[in-house]
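From first to last, the protein sequence lines stand for chains V and G. Position one of the first sequence corresponds to residue 7 (this note's numbering), numbered consecutively onward. Position one of the second sequence corresponds to residue -19 (this note's numbering), numbered consecutively onward.
Everything labelled a hint here was simulated from the structure, so no lab data went into it. Among the hints, erroneous ones may be present.
Claimed, not checked - Distance condition first, Cα-Cα at most 20 angstroms in a straight line; then the derived SDA-like pairs of lysine to any residue:
| id | chain 1 | residue 1 | chain 2 | residue 2 |
| --- | --- | --- | --- | --- |
| 1 | G | K62 | V | V128 |
| 2 | V | K8 | G | E88 |
| 3 | V | K21 | G | P83 |
| 4 | V | K194 | G | V51 |
| 5 | V | K8 | G | S(-7) |
Just so we're clear, the structure is a prediction, and the values are computed from it rather than from any experiment.
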Amino acid sequence: MKVSLNQRILSRNEKAAAENRAFFQSQKILCLNLISSPGAGKTALLERTIQDLKGQLAIGVIEGDIETDNDARRIQAVGARAFQIETKGACHLSAEQVQDALRKIEAQTLDLIFIENVGNLVCPSAFDLGESGRVVILSVPEGDDKPAKYPGTFAGASVVLINKIDLLNYVGFNLRRVLADLHTVNPKAPVFQISAATGEGMDAWYGWLRQHLEKNRP
Amino acid sequence: MHETVAAESVLRSIQEHAQRLHARPIRAVISCGQFNALNEELMQFAFETAAAGTICEGMVIQIRQIPLRAVCSRCRKTFDLKLMEPFCPQCRGEDFEIQPDAPLILEEIEFEDQQ
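Same shape as in the complex, but just chain G:
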């Protein structure tokens, strides 16, 4: 459940933005890589728990999974790497360099429209 730590950190950030904008947040988008992947359901649950009683209560948290990227050493193609099918989809080469995994990023916050 590393989602708990991520949820608490995201909550703090969203609260800061909400205070600055004087607006009520309703939705946030978070992206993650493959080695630090967040489970959307667990993240929603962890966030709801952390956000109870705050301006963020009731928000929807969406997770965008970023695939792991690799560069083929033979044909130089950059491709999405599946860990259990580790070969280049273009030349079937098995020698490749894995690119750094995507970090956890708070990408977007949507706020309620104000009248």
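Next comes chain V alone, as it looks inside the complex:
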């Protein structure tokens, strides 16, 4: 006997994501979901961004890691509100976990929220968190084949950051190939070459943030 169904498997996550999205829109908050491999520099990017923009914007960070609250402490040390979600084994954040974290950091008083997802280029892209946009970060030492190997993740990006660009001359990284592959899988997303360590290229990233913050509050 066969029973035909048409049942959405992630309906709980989809419902929570829709609620988060409605909250961000009503509160005019820009919420960005940061996705990258482990070690690409998500936390370093946030530390520098917060230091440079905290005088102008109320910024909060939701941190996702399998274990430890190290990242939340790094963010708090540079003067932003942060809440750590420890996923205890799960390789991605869910919209329900984010919903709970939004309450804990009193999100309604913020302008800009970063969700630093668990370091993983695959699983986080399958879970909508209700974010306003996705920032996908690729770092130079990871190698130049990542956009071709994980096209789905890069295709879903609103903006792509190539971090650790200061190491370009020390590792074999074909920048031209990366830019061509990114253009193939996602011609609409802007690509910025940055170094969160030296500050190179960060102004272009801040320009993109400002443009989207303004778009968010007409």
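We have chain V already, so just place chain G on it with the hints.
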């Protein structure tokens, strides 16, 4: 391994249907899109782990991959989009609108025939 979350959610649904029908489930078909794609082997493994000791133990899980669809802005053809070959197969146009990716769906459950 987002398969774990999907497997647990699918298991709950199948258990509910099995209880209602008083039947033993033997096979299920799940469909997915390209951005949320499930790996069939990992899904089977995750499901076996979650289903151990339940009425769903021993079930076969099949995955049906639904391609990403796009509509060509030039000739209006709807086509299956390959992310690394992004052009219209009819007019070779490179300007197109990507349609929403297929969600994860539990499509069908097969139950053992009862005597």
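For each hint given before, does the structure comply? Return the numbers of the non-compliant ones in rising order. Per hint list: zero violations.
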